[in-house]
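There are 2 protein chains.
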Amino acid sequence: MALGEEWFTEPCEQHGSAFSLKAKKKLHEEQTAYQKIEIFETTQYGNLMTIDGFVMLTDRDNFLYHEMMSHPALYTHPAPNNVLVIGGGDCGTLKEVLKHPEVKLAQQVEIDERVTRLSEIYFPSLCESNNDPRAELHFVDGIKWVKDAAAGHYDVIIVDSTDPIGPAEGLFNEAFYRECHRALGEQGILVQQSESPLYHIKLIHAMREAMQRAGFAQTLTLDFPQPVYPSGWWSATMAGKSGTLTGFRENDAAQKPFATRYYSSARHKASTVEIPLLAEEQD
Amino acid sequence: MALGEEWFTEPCEQHGSAFSLKAKKKLHEEQTAYQKIEIFETTQYGNLMTIDGFVMLTDRDNFLYHEMMSHPALYTHPAPNNVLVIGGGDCGTLKEVLKHPEVKLAQQVEIDERVTRLSEIYFPSLCESNNDPRAELHFVDGIKWVKDAAAGHYDVIIVDSTDPIGPAEGLFNEAFYRECHRALGEQGILVQQSESPLYHIKLIHAMREAMQRAGFAQTLTLDFPQPVYPSGWWSATMAGKSGTLTGFRENDAAQKPFATRYYSSARHKASTVEIPLLAEEQD
Chain A
0 MALGEEWFTE
10 PCEQHGSAFS
20 LKAKKKLHEE
30 QTAYQKIEIF
40 ETTQYGNLMT
50 IDGFVMLTDR
60 DNFLYHEMMS
70 HPALYTHPAP
80 NNVLVIGGGD
90 CGTLKEVLKH
100 PEVKLAQQVE
110 IDERVTRLSE
120 IYFPSLCESN
130 NDPRAELHFV
140 DGIKWVKDAA
150 AGHYDVIIVD
160 STDPIGPAEG
170 LFNEAFYREC
180 HRALGEQGIL
190 VQQSESPLYH
200 IKLIHAMREA
210 MQRAGFAQTL
220 TLDFPQPVYP
230 SGWWSATMAG
240 KSGTLTGFRE
250 NDAAQKPFAT
260 RYYSSARHKA
270 STVEIPLLAE
280 EQD
Chain B
0 MALGEEWFTE
10 PCEQHGSAFS
20 LKAKKKLHEE
30 QTAYQKIEIF
40 ETTQYGNLMT
50 IDGFVMLTDR
60 DNFLYHEMMS
70 HPALYTHPAP
80 NNVLVIGGGD
90 CGTLKEVLKH
100 PEVKLAQQVE
110 IDERVTRLSE
120 IYFPSLCESN
130 NDPRAELHFV
140 DGIKWVKDAA
150 AGHYDVIIVD
160 STDPIGPAEG
170 LFNEAFYREC
180 HRALGEQGIL
190 VQQSESPLYH
200 IKLIHAMREA
210 MQRAGFAQTL
220 TLDFPQPVYP
230 SGWWSATMAG
240 KSGTLTGFRE
250 NDAAQKPFAT
260 RYYSSARHKA
270 STVEIPLLAE
280 EQD
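Those protein sequences? They're chains A and B, same order as listed. Quick note on numbering that gives the first Met the number 0: the first sequence kicks off at 0 and runs consecutively. Quick note on numbering that gives the first Met the number 0: the second sequence kicks off at 0 and runs consecutively.
By construction, these hints were calculated from the structure, which means they are not laboratory data. Some hints could be false.
The calculated lysine-lysine pairs, modelled on DSS-like cross-linking and capped at a C-alpha distance of 25 Å, are [what the hints assert, rightly or not]:
{"#": "1", "chain 1": "B", "residue 1": "Lys146", "chain 2": "B", "residue 2": "Lys103"}
{"#": "2", "chain 1": "A", "residue 1": "Lys146", "chain 2": "A", "residue 2": "Lys240"}
{"#": "3", "chain 1": "A", "residue 1": "Lys255", "chain 2": "B", "residue 2": "Lys268"}
{"#": "4", "chain 1": "B", "residue 1": "Lys255", "chain 2": "A", "residue 2": "Lys268"}
{"#": "5", "chain 1": "B", "residue 1": "Lys143", "chain 2": "B", "residue 2": "Lys35"}
{"#": "6", "chain 1": "B", "residue 1": "Lys25", "chain 2": "B", "residue 2": "Lys35"}
{"#": "7", "chain 1": "A", "residue 1": "Lys268", "chain 2": "B", "residue 2": "Lys268"}
{"#": "8", "chain 1": "B", "residue 1": "Lys255", "chain 2": "B", "residue 2": "Lys98"}
{"#": "9", "chain 1": "B", "residue 1": "Lys24", "chain 2": "B", "residue 2": "Lys35"}
Okay, chain A solo, but in the shape it has when bound (with noise of 0.2 Å):
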């Protein structure tokens, strides 16, 4: 059967399958300098931002990336002080790493301001602890950012960026990689969202490979579900520079001082045994 028109679809050609949320109506549309912004109320998913077309987030299940793409590699760092996050201009990820009392400084640095402040008014939910007084947040280049950081000023780098094209291409590759390795201390954490383990194993790999070609000791893949991203399961790669991804804070992630929906440590623990999945090579 055809879906209505009121229905937001995103095809993935490539791999032949399409998710679809009912909408009631368009909320906001906007070409910003970088990307097209629009933001739906769904019937059932609250609200829904895309860019360019693309599903970045919802309010139903925007739990489950931003749970793990902060609380692992935060677990994994002895003492994660310094927390810096590209991209993440929904602000969902600065907030679940505020939410651990070691951080001292969490830096968002998100190249569309347009996205932070529209997340502001449709996703406040995920905007509330953007007055931290623990919480920069500065609109500028990550890739520049990076370069300008002063050596080994970072306990964990959180790369929380839309797919690798367009502008996000250049946080995919070796030279990005490399100079994230120089601006993280030495038990530092690299942490990049890395796509669908059912559609992307070759990029996995690529990245995988470009991390320890830039220096990281060791690298790790973990999985979840993430409903409204092609094919519903998705990924976060780590890379560590001193080879710690497979130990973590244990006791004090079973004794978080905080809620979560689907993070905890029993799933973290498992999380360092990769799926088989992701041995096999594939197109």
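Let chain A serve as the given structure and place chain B on it in line with the hints.
Structure of chain B alone, referenced to chain A:
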């Protein structure tokens, strides 16, 4: 954007989402005594079977469901010799069950023989163990089969059914669970597909409560990605007669004599701690 008519779409109106697969052609369409079965050749997901318009399985991603419906339950039981699969006409669960050397008899009881006959043609890899001397295929009513079974006969009963509407409705209630409880041995385990953790928390709770009222000592819900089912995130709920669900044969699972693509001993262990979301009350 609207998709062209070459796409097969399954809307989930209640949750305002839809999933689509691009089809090359329809290979078969048939109204059986129970339901309408259609088989499509897709562009990227291999063959697709739908029943009454709902996606049942595809070549590409059925491994997730079939591995998670079988291996956790079989590695939780100390000696799974006699296994019953209710439904499961595509034979994918049966194939996974037969990988366990402990299994001496695996009976599949599917009400609609046409599901299996079409799977033999269009999903031959799932049916490749059907001639295993330990396998028995019966095409009768699963509810009656369990009612007629000798008390304590089975070690594991796997309810691999369609959604709790139509022919499968009678597989989701206390009366059926009571018969399963009776047909299982002292350490027996029942496992049933239990829909989406994002969409069907209320159903999951109702199932678990009905299982407990039927006499099961403990229940445990495992979640896993399943791209082609609504929300892309699915679950299986185990019910144990003697409360052994959080322990399992971890060493055997770690040294399993067969390959998997998703299941692992580590992933299994993590599943014994449920995700926080499942404790939430939702409509």
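Are there hints from earlier that the structure breaks, and if so, what are their numbers? none
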